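Student: One letter stands for each residue in the lines below.
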Amino acid sequence: MHSLLRRTQLTLCHLLLAGMVLALLLQIIGRSFNAGMEWTEELSRFAFISFVFISASYSTLMKSELKIGVLYAYLSRLIGARPMERLITALLLVFDVLMIVYCFQNVLDGIKYPSVSPVLGFNTNYLFVVLVIAFVLSALSRLWAGNAKGNAVEESP
Amino acid sequence: MTDVQLVLIIVLPLLLLLGVPIYAAIGLTGFAATWFLGADLVFAAQSIFNGVDNFALLAIPAFILAGNIMEKGGLTHDIIRIFRRMFGHIPGSLGIVTILSCMFFAAISGSGPGTVAAIGSIMIPSMVRYGYPAPYAASVTATGGTLGILIPPSNPMIIYAIIANVSIADVFAAGLLPGLLMGTVLVGTAYITAKRSGAVVSPVHEENESESLASLIWQAKFALFLPVLILGGIYSGLFTPVEASVVAVLYALIVARFVYRRLDLPALHQAFELTHRISGALMIVVACSALLAKAITLETIPQQISAAMAGISTDPLMILLWINIFLILVGTFMETMSAIIILAPILVPLVTAFGINPIHFGIILMINTQIAFLTPPLGVNLFVASQISQVPVERIVRSILPFLLALLGVLALVTLFPQISLALPELLRSLR
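Those protein sequences? They're chains A and B, same order as listed. Residue numbers for the first sequence follow our numbering, so the first one is 42 and each next one is one higher. Residue numbers for the second sequence follow our numbering, so the first one is 656 and each next one is one higher.
No lab work stands behind these hints: they were computed from the structure. You can take every hint at face value.
Some chain B residues judged to face chain A by a derived CB distance under 7 angstroms, without partners named:
(1) 671
(2) 672
(3) 683
(4) 696
(5) 710
(6) 898
(7) 904
(8) 932
(9) 936
(10) 939
Sample of chain B residues at the chain A side, in silico, Cβ under 8 angstroms:
(11) 676
(12) 704
(13) 931
Quick caveat: nothing in here was measured; it's all calculated off a predicted structure. Even for Gly, the Cβ is constructed at its ideal location relative to N, Cα and C.
Please model the entire structure based on the sequences and the hints provided.
Tutor: Structure, rendered in structure tokens:
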């Protein structure tokens, strides 16, 4: 399961990041030749938004999330690491479920009241489907990531 | 105090300190605040989505990818060779070489810990081999890595510019002079510290010692051109910062694959994989912070803090002094990007209310986050340097004190003299 999740997330991330970069390169080329390529900006933005949430689920699987946890070590010693882990996992699952439910609600709202992008004519509420998928993947990652090697990064670029 | 304020003051710090990943701590607090505000929770999910629906943010994963590709492509080694050739004849020079290499690498990668990992993996073993104390080697590398925040392109600067609603190009330009000043001060500190610690060893004679400086520069010409391409492209108006980031990716790909011939498919896969992990961990925090920022704004928290600060002093310098002390304290336990994301929406309206230029304040914030990289218990560069050098963090902390003092000195200068930050953006604006 872990391997399948990892491969799925990696493939999606590769495609979305490469798509975003390619669309932006096309934008530069198009502008240099005065070719109307306004759609590239929207496409790159949509690819980026999707990439953010799918790559976040990949970070979850790889246990690379940013965290502080000054009290974590102390409380782990006091009440044990396992109860602490379970508490944090429960909180994270609550957040995943909240996001899944309310992002799905946004998709449904988008069917009734579409928010259409100016160039591609795409209903941007449908992008919330990606968020639903990403947070389902995150939840699955939490439940099945027990075998993943912890790789927490406490700092960003 | 309202329910929302209680949630922000109690729930958020509690979740963060418990070790809940920062994005979820911010997100859960945001959902709770939205609920107490009586708004539909659909609004919370929308705010998180809108948090990354910002075109300027596209530059961040692209710069991270470009840095990863260049590192896999062998750029780092070439840069270090040049600085070693330039300064290797000075006894105790490897600290200087490390700082200068970090400065240059920072101008490509925009990453603090990334710079420490890239330069440290080569320079720390090299310094130890030449008789430098390992804690010195680790501390000089950890400090050099902090320059990544201040020298453009810098990902924390992009995020700050978006939050503060100022031009990314202006913030980049504002960081250049303080970055060079910081680099110079750190070079001096590295040399003096090496001398005082008795670590001054004989000059370095390594591979390619016979090669002239001109020859080494010529060999590394493609690597050296990248910062010129990125910054030159932005300031000449050829590219926007977002476009510059993807041009950097394309350039890095071409140079690493066809010039250095070190980037094969597995290496490219690794560069992408690392980018996903770093970007994923970072950008979701940015997304969730938009929800928190809305709750903070709706509760008029910045205005309330402004009013409270005005009761203490109305002198902008005193306000900046208090903010610096606050940021240094916060920086000891909060990681860099989260500190910017969480605190900038509160502090920017506060400082502008006191007539402080938000670009100047951005640079002050960046230097404070540089210091946070080196201050325990959460000083990430210390951890990375400790991993590479196998020196315990507590031993690195002792030898890092002179560098911390140097950083504090530059912070004081930049706070007192806004022109150090503002001269270059003003000059560039007048030329446009």
